[in-house]
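S.K.: The residues making up each chain are set out below.
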Amino acid sequence: MYYFDHSATTPVHSDVLDLMHSIQKDVYGNPSSVHSQGRKARLLIETARKQVAKAIGTIPNQIIFTSGGTEANNQVFWSLLNQNNIHVVSNTIEHPAVLKVLSEMETHGIDYDLVTVNKNGRISIADIESEIQENTGLISIMLANNEMGTIQPIKEIVALANENNILVHSDAVQCLGKMPLDVNDLGVDYLSLSAHKFYGPKGIGVLYFKNKDSLSSLMIGGGQEIGLRAGTENIASIAGMGLAAELVTNQLDHHINELASFEAHFKSELKTIFPNAIFNGDANNKLPGLVCVSFPGYRSDILMAKLDRANFAVSSGSACGSGNVKPSRVLSEMGVDDEINISTLRFSFGASNTSEQVDLLLSELKTILTD
Amino acid sequence: MEHIAVGMSGGVDSAVAASILVEKGYDVEGLFMKNWEEDSEYCNAEKDYKDALQVCDTLGIPLRSVNFAKEYWERVFQNFLDEYRSGRTPNPDILCNTEIKFKEFLHYAQDLGADKIATGHYVRSKEVAGKVQLLKGLDPGKDQSYFLYGLNQEQICSALFPIGDLEKPNVRDRAEKLGFDIFDKKDSTGICFIGERDFKEFLQQYIPAQPGIIVTSSGTKVGDHDGLMYYTLGQRKGLGIGGGYGDGEGAWYVLDKDLENNELIVGQGHDHAGLYQKRLTASDLHWISGKAPNSENLKAKIRYRAQDATCRITELNNTDISVEFEEPRFAIAPGQSVVFYEGDVCLGGAVIDKAFN
Chain A
2 MYYFDHSATT PVHSDVLDLM HSIQKDVYGN PSSVHSQGRK ARLLIETARK QVAKAIGTIP
62 NQIIFTSGGT EANNQVFWSL LNQNNIHVVS NTIEHPAVLK VLSEMETHGI DYDLVTVNKN
122 GRISIADIES EIQENTGLIS IMLANNEMGT IQPIKEIVAL ANENNILVHS DAVQCLGKMP
182 LDVNDLGVDY LSLSAHKFYG PKGIGVLYFK NKDSLSSLMI GGGQEIGLRA GTENIASIAG
242 MGLAAELVTN QLDHHINELA SFEAHFKSEL KTIFPNAIFN GDANNKLPGL VCVSFPGYRS
302 DILMAKLDRA NFAVSSGSAC GSGNVKPSRV LSEMGVDDEI NISTLRFSFG ASNTSEQVDL
362 LLSELKTILT D
Chain B
13 MEHIAVGMSG GVDSAVAASI LVEKGYDVEG LFMKNWEEDS EYCNAEKDYK DALQVCDTLG
73 IPLRSVNFAK EYWERVFQNF LDEYRSGRTP NPDILCNTEI KFKEFLHYAQ DLGADKIATG
133 HYVRSKEVAG KVQLLKGLDP GKDQSYFLYG LNQEQICSAL FPIGDLEKPN VRDRAEKLGF
193 DIFDKKDSTG ICFIGERDFK EFLQQYIPAQ PGIIVTSSGT KVGDHDGLMY YTLGQRKGLG
253 IGGGYGDGEG AWYVLDKDLE NNELIVGQGH DHAGLYQKRL TASDLHWISG KAPNSENLKA
313 KIRYRAQDAT CRITELNNTD ISVEFEEPRF AIAPGQSVVF YEGDVCLGGA VIDKAFN
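These protein sequences, in sequence, are chains A and B. Sequential numbering of the first sequence, starting at 2, is according to the numbering used here. Sequential numbering of the second sequence, starting at 13, is according to the numbering used here.
By construction, these hints were calculated from the structure, which means they are not laboratory data. Wrong hints could be hidden among the right ones.
[Claimed, not checked] Result set (SDA-like, lysine to any residue): computed pairs, CA atoms no more than 20 angstroms apart in a straight line:
1. B/K303 / B/N330
2. B/K128 / A/Q358
3. B/K36 / B/E50
4. B/K82 / A/R300
5. B/K128 / A/L304
6. A/K327 / B/A81
7. A/K327 / B/E50
8. A/K307 / B/D123
9. A/K327 / B/D39
10. A/K307 / B/A81
11. A/K211 / A/I227
12. A/K367 / B/G125
13. A/K268 / A/Q358
14. A/K307 / B/E58
15. B/K128 / B/I73
16. A/K327 / B/E14
17. A/K307 / B/K311
18. A/K327 / B/N56
19. A/K307 / B/Q122
20. B/K82 / A/D339
21. B/K311 / B/L118
22. B/K115 / A/R300
23. A/K327 / B/W85
24. A/K307 / B/E14
25. A/K307 / B/M13
26. A/K307 / B/E83
27. A/K307 / B/D39
28. B/K128 / A/L229
29. A/K327 / B/E58
30. A/K327 / B/E83
31. A/K367 / B/D123
32. B/K128 / A/D309
33. A/K55 / A/L44
34. B/K128 / A/A311
35. B/K128 / B/V34
36. A/K272 / A/H255
37. B/K82 / A/E340
38. B/K82 / A/I303
Work the whole structure out from these sequences, hints included.
M.R.: Below is the structure:
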């Protein structure tokens, strides 16, 4: 199996697996217990908190562990119910873990407006400014998009928000390990992360917050995570995520270079094989190693099935559940017409790839596209 | 090994068809087809897809999905409505096979690189002297050749029917042993896109009803009807003819529809002469072998599950025939197909236009 779907999820780093295995085997204590087993467990969690905090340039008491990016996003939004300023500005290409939450919250009295994006998937500051209202309490903009990798101008958004006393949340699940990530440099008030996007385990994530007072808990119970997320901690996963965060940030420059070189090679060779290929996204502001390509004249479901049969894993933005090939919402928002939209595949490279694998992918694509 | 795309409906028949191919060592993938956009309590594509997914996951084969709702709407459903508008009783499943399953679906599978498709139909195919024959399924209660008479040589050659020589209880047994959750899922009945819902209500959404009167063949009014399209020749239930009419004995049956005067013509008793005809004319003639059979021993079904009955065909031209049965047939309904057999071999058929004596 040749895996080119790292934006969907990543394989777990072997050191992380080893650590998690040993923890599951040996550390069964409840971190809330005072005895030595409890202390061991607590130490693992607090070590992980330091590792994750360091990876995003903050201090340990400004993060809590959640079940993933979705939960982190939900916690930020649902906390608004206790605020005075309940209008939110977001944008049309967010993940459903933002957009569906907002639309659900509308029935609870929250109001929101979405700004659109340009043909490269970038948001304009002026558009956000024009949606700001008297009671806007939060701006939520993803740091980089999962379908075509466009990075948003978060620092400028934060500057605008600060002038208006508005908090900023950013869903950054795609970003750790693919770009430098420093919450103080970005200036955001909240940031969501998910371990399985950076070679950690699934089912664990992070919510960073500048100020805990603005948050309320979705899980009520034993008071874990400074009262912001009750429930006995998932020790092995938390520790695994801590290590994964440390590993990707230690290797950051190397990893970015490798992803960029896979991407450059793939794009230039693909242009030779298939000159009509269209690369979507913002070439100047994008995550490395995530390539969103349209193959005019081909259908993504057929291409994907053929690649799957040849043992190559890629994905397509066009959702295909029970027989519905629907154009990708994100690409539609960028103005990509339906025909091109449903001919689009996403290749996302990662640490598990080699340049030989990229060449095998290219040669399989050549076979399929010239068949 | 040949690459086979199996049409997976989420039902037990296609599930077992796929499992048989996997056992035989074929390179199998599942293809789920969605032909109707609505997802409701009546037409639950999401649930069917999940059922198909459980089967494919159990078998360790991929399940892909494809949407032919537009093609189905244009080529099957519009015909279905046109037929009802003309007071006929269409059979959309026959058209679905020739226009969708063995055309669009087949082409899609071929685009995916499949050598053949397979379905969970209870039919068999056999090569005889350079031609393929379509044979009835071995389970006489489940035989589905009636719905597939419109296939041509190429379509049958491109398809496998893995459960054609199995009986239904055996199919369910296999499904249970293989761990398919749907081993006891209810068979779908009737027209797939209508499901269990009220037929009248469904049709009313598309065709305005024109109520009129119900009369006997001698012209006596015995009741009111809601619109001729809701009735089928030979229908007994749901006529709403109260007491006080007729001889007080014998149920009322639909004998005919008078479209011109918007009258439903009924008669009393299952033995009413108006319910039985010996002859019919039919059009859109199709022979599976490509040419008319040279058979002394021809039988025909005038609807799914009807008895095979001895008959003689006169070809009027390339597409139209007239058929004469040895014995009168009960309630021959225009819009349904007359399908011809020689023994177990399904030879072809045509769409019934008119029945008479």
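S.K.: Is A/K307 close enough to B/E83, meaning Cα to Cα at most 20 angstroms?
M.R.: Roughly 24 angstroms separates the two Cα atoms, so the pair is violated.
S.K.: Regarding the pair A/K307 and B/D39, is the alpha-carbon distance no greater than 20 angstroms?
M.R.: Distance of about 13 angstroms is within 20 angstroms: holds.
S.K.: With the threshold set at 20 angstroms, check whether the alpha-carbon distance from A/K327 to B/W85 stays at or below it.
M.R.: holds, 18 angstroms
S.K.: So if I understand the rule, the pair passes when the alpha-carbon distance is 20 angstroms or less; does A/K272 with A/H255 pass?
M.R.: violated, 26 angstroms
S.K.: Please verify whether B/K36 and B/E50 have alpha carbons no more than 20 angstroms apart.
M.R.: violated, 36 angstroms
S.K.: Are the Cα atoms of A/K307 and B/A81 separated by 20 angstroms or less?
M.R.: Judged against 20 angstroms, a Cα distance of about 23 angstroms means the pair is violated.
S.K.: Quickly compare the C-alpha distance for A/K307 and B/E14 to 20 angstroms and report which way the hint goes.
M.R.: holds, 15 angstroms
S.K.: Given the hint that A/K367 pairs with B/G125, does the C-alpha gap stay at or below 20 angstroms?
M.R.: Holds, at about 15 angstroms.
S.K.: Given the hint that B/K82 pairs with A/R300, does the C-alpha gap stay at or below 20 angstroms?
M.R.: holds, 17 angstroms
S.K.: Is it true that the CA of B/K82 sits at most 20 angstroms from the CA of A/I303?
M.R.: holds, 18 angstroms
S.K.: Measure nothing beyond the straight line between the CA atoms of B/K115 and A/R300; if it is 20 angstroms or shorter, mark the hint as holding.
M.R.: Distance ~18 angstroms between B/K115 and A/R300 Cα, so the pair holds.
S.K.: Is A/K327 close enough to B/E58, meaning Cα to Cα at most 20 angstroms?
M.R.: holds, 15 angstroms
Checked against the numbered hints listed earlier, the structure breaks hints 2, 3, 9, 10, 14, 16, 17, 21, 26, 28 and 36; every other hint is satisfied.
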